[in-house]
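Participant: These protein sequences, in sequence, are chains A and B. Counting the first sequence from 1 gives a position; our numbering is that position plus 61. Counting the second sequence from 1 gives a position; our numbering is that position plus 806.
Hints are supplied without guarantee of correctness; some may be wrong.
[What the hints assert, rightly or not] Here are the simulated lysine-lysine pairs, DSBU-like style, with alpha carbons at most 30 angstroms apart:
| # | chain 1 | residue 1 | chain 2 | residue 2 |
| --- | --- | --- | --- | --- |
| 1 | A | Lys-87 | B | Lys-1544 |
| 2 | B | Lys-1544 | A | Lys-173 |
| 3 | B | Lys-874 | B | Lys-907 |
| 4 | B | Lys-1514 | A | Lys-173 |
| 5 | A | Lys-159 | B | Lys-1460 |
| 6 | B | Lys-1110 | B | Lys-1087 |
| 7 | A | Lys-157 | B | Lys-1514 |
| 8 | A | Lys-87 | B | Lys-1460 |
| 9 | B | Lys-866 | A | Lys-87 |
| 10 | B | Lys-1544 | A | Lys-120 |
| 11 | B | Lys-844 | A | Lys-120 |
| 12 | B | Lys-1110 | A | Lys-173 |
| 13 | B | Lys-1558 | A | Lys-157 |
| 14 | A | Lys-173 | B | Lys-1087 |
Everything labelled a hint here was simulated from the structure, so no lab data went into it. In this text the structure is predicted, and so the values were computed from the model without any measurement.
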Amino acid sequence: MKKIFLLSLITIMIFSCKKQVEKQEKLFVRGRLFLTDTLTQNSISVPLGNKIVQLAENKGDSLNFLYSNSTDNDGYFVFNLLNSYENNTGFVVRFKEKIGNYWYNAADTVVKGQDNIVLQAQLSQAKQNGFFVYIKDSLGGGIPTAKIHIYNSLVLATINNPAGAVDSITANATGKAFKMNIPPGNYYLNTKKVVDTFVFERRMRQISIPAEGIILLNPDSIRVLRTR
Amino acid sequence: MKFSTLFYCIFLCFFSVQLMSQDILFDKKGKLLTLNTKDNKIPAFTSTDFNAMSNAEKQKVREIIIEKIADAITKLSTTDNKVNALLKEIWTRPTPDEIKKELEKLKLALETDAVPALTDPALTPINDLVKDHLLSTSPNIFAGSTGGNGPKLSIIKKDAFNDFIISYYKATINGTITQITLSELLDYTNILAAYYKEGSDLSKKIYEAKGEVTITLYKEIVNFTNKIEAGNTLFTKSKSLLNKDWFKQWFWIKGGELQLNPLDFSTDEFLAKFPRYDLAKGEIFNAYIDAVIQKYMLYDTIGKVNDFKKILAQRGTGNEQFELADRQNMITANNAGKKNQLTHSIVLNDVEIPAKGNFHTISASDGFTGTNNKEEVPTDPKRSGEIKTIVVHNVSRGSKASILETSSPIKDQSKFQADVDTIAGLIGVVAGYTTTFGAISNALSGFFSSQKNSNGIIEAGVPSTFLKIIPGARTNASIPYFNPELYIIDSLLKKRDLYEPAVFSAQIRLPKYSSLRQIQPLSSLAPGSSLETLIKEFVVNYNIALKTHQEPAIKTLEKDSMLLAGILPVFANATLPPKKIQSIDEKDPVYYSKILKSKKYDEPSKVEATPIIVKGTDTTKLDPFTFKVGKTYRFQVSAGLVYTTSNFIQSTAKEEGGKVVIENTAQQFRLAVGLHIHLGKGLFLQDNRFAGNFLERSSVYIGVGIPKPLENVYVGYSYDFFPGLKTIAGAHIYRNDKYTIQNNSITDRRTKYEFAGPFVAIQIDPASLLKALNFIPKK
């Protein structure tokens, strides 16, 4: 009896030492934060380092989160998960931060163990407003450095005297122009470009700016016409 | 296989089994040769197991007696043997030849292990006694006190020879012989000694006379022989005494010697022959003590009362102060002889083993093999308070067995633990060794000295000289005639004291000597004359006739001297035979067994024990042995590696720097420290056997992980395959708290323990582990 017992004990020990297939539970989510902003700048998937990313349960609660972590210098982030989370528990990783003068945000639903999260931060539609516009000619080519005067009065827009504009912006080399964070309301855009003796302009293009949100005008919406 | 071959195989197997199954074996001296015991019982045996030894012993006794008989027959056979000559004179019926024939029959019977058929009434008692004591058909002389199957057994052996002698003595005892007193014996001795001396003196004179025995000497011889051969002399009585059956009955057993007392011991009356005290000194001592006492009484003071008492106690003890050694020595020798000859039975061996418990068996003598199914190995360790039992067999009479023990304290740890400590503390490199050899030679030298046997010069006997005619002295020249007869008598015979009238008369009367009876002129006695020649012839013939006349007396003297020479030692060297004898049973065993127990040691110790046998001032050491004493431990602590066989992850969360840091640990290997609660009597560290006692080596284990002992708990069963090497298996319970986290803070935390899975572990003493781990560089 004693010998049987001892043999059993030894057998248990021997088989215990046998290598088992690792069944590691992946108690983490990993990913990388990028910035993509082709409106205010020309950034596409630029890693964002040292930014706070939040982990929240995927319950539709956008207010609360579980815990946050900083991305490293290269924009990588990792969240360790408690072993109490079930395998089918869903999470959301999200980012929201003002970079420079503009808010950017990103969000993605992830699952436990996901390690290839690509979080793209883009201009946030919340907490800010503005508009983007492309100045193009009749053939669709961009009109560089076109001047855009913003009128909040149709009369003044009709007069087309820049002194009556609330603001003026200049398109860039590709004809893109934008204005962020302006009081909501209706505005009229007058665009003019003088090249030598040629004058290209468009008058009284109306836009309505909400309190939050960025209006992206149809790229073909301000086509300037030669007036002289 | 042929039937005969098969039969032989079966027979050999049976025979081998018989041999192999001999669990108890003694030698003929009673020494235990083999003893295999089981369950504290000595194997059973019956007296038939000793049949062979019994018969061998009786065979040996028969051989001893045969040798004695052979010596007796030799003495009765040789014709020039003084003993034979003596016996022929003394023994009338049966005669020495008849005794010899009976002895030859007895010798043959003993040689052929048969009952003798002696017919002489004096010797017929021997027939039954031989049958009862000395033959292989006689009862077995060995017996056991019990049949075995117990812890004690005694082997008793009867002395076949003594039994035979005692029975023979009782059957032949003669009142006449046993009633001889010491004074009578001394008389025999002294008077026969005087006779012998006188006879020897006469013989010496005859020898010195060189064939010419004077009349005076002759008369002395005749007077002497007449004197001693008178009817009531002790010489005659001694011859009559020696003719009794007693001496014929005991003659052969003493190898052909006549002895008044055939036994090796005598009576108290005989011992009184030796004075016990020096009486003269004793009296002087008593007188001195009396004088001292008187002095004390007259002059001494009260201050010396104690001294006076001592002096008074010695009053009248003079004899005791001067006890003579001879008497003591005789008493001692007599008692020894009595014991030696009357011992009917002796206890050869008192074998004993403990009635219960384990023990180890050794023997005080070589050639012993023994086993016990609960063998106590001498070097086996003992628990504190326990004792080791050693049984020493074959301790000889007068010896005492005991154990010499020396102990020294030790660290109570198992061999495994000690080895681990050694390895852990071992550093450095072992240097090479060199050995040197030396030769030692002994020279034995010896020499043999041969002792030359020097042949002593054997003095040749001076041959007797022939009687020379002494020329007669011439008488006075004024007397022209002389009487030849008177001349011969006076001048030739009387001067030499050779004149025996009867012989002379017979010779002178012969016709041829008629002229000698006549007066003859002196001148006829001239040298060379016929008268002178006749006278010379007469003298010669006279001397021959005188010798013839003297010869019977001389022969009688020779015979008597020979008898005295043979008889005197019988009495001079004799002791008085006891009237009664009683056999003795010797209880003090020749060998015995002694159960020795070691001391009790309460503390861990190393004990060196040596069984010794002490006899008088001699001490013999038997094989020494060493054993250790250690304690049993109910609780033990161990430390080592544990391995949890299942995968598990332990999560912990904490707030740090305004953030929640979650740490997940998946650690299957861990250091742990634990407590063992041993079953049975507790763990015995000195028992270095593999596996050992199941209960003692088993323990319930409770351990905690290191670090953070409260986060990993191990509960299981442990077994010490070697004491101190703990092999553990059980359940790993780990702490897995439940957290509620929100907005970078832990809002709720619940302690919870969960089953991680089974674990296995190998652990050792924590101190040893620590020592071993000290060699690992610390980060």
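Participant: A separate judgement is required for each hint: does it hold in the structure or not?
Facilitator: Verification of the hints:
no.: 1; hint: A:Lys-87 x B:Lys-1544; in the structure: 18 angstroms, holds
no.: 2; hint: B:Lys-1544 x A:Lys-173; in the structure: 18 angstroms, holds
no.: 3; hint: B:Lys-874 x B:Lys-907; in the structure: 15 angstroms, holds
no.: 4; hint: B:Lys-1514 x A:Lys-173; in the structure: 28 angstroms, holds
no.: 5; hint: A:Lys-159 x B:Lys-1460; in the structure: 29 angstroms, holds
no.: 6; hint: B:Lys-1110 x B:Lys-1087; in the structure: 28 angstroms, holds
no.: 7; hint: A:Lys-157 x B:Lys-1514; in the structure: 39 angstroms, violated
no.: 8; hint: A:Lys-87 x B:Lys-1460; in the structure: 20 angstroms, holds
no.: 9; hint: B:Lys-866 x A:Lys-87; in the structure: 99 angstroms, violated
no.: 10; hint: B:Lys-1544 x A:Lys-120; in the structure: 20 angstroms, holds
no.: 11; hint: B:Lys-844 x A:Lys-120; in the structure: 83 angstroms, violated
no.: 12; hint: B:Lys-1110 x A:Lys-173; in the structure: 118 angstroms, violated
no.: 13; hint: B:Lys-1558 x A:Lys-157; in the structure: 36 angstroms, violated
no.: 14; hint: A:Lys-173 x B:Lys-1087; in the structure: 126 angstroms, violated
Checked against the numbered hints given earlier, this structure breaks hints 7, 9, 11, 12, 13 and 14; the rest are met.
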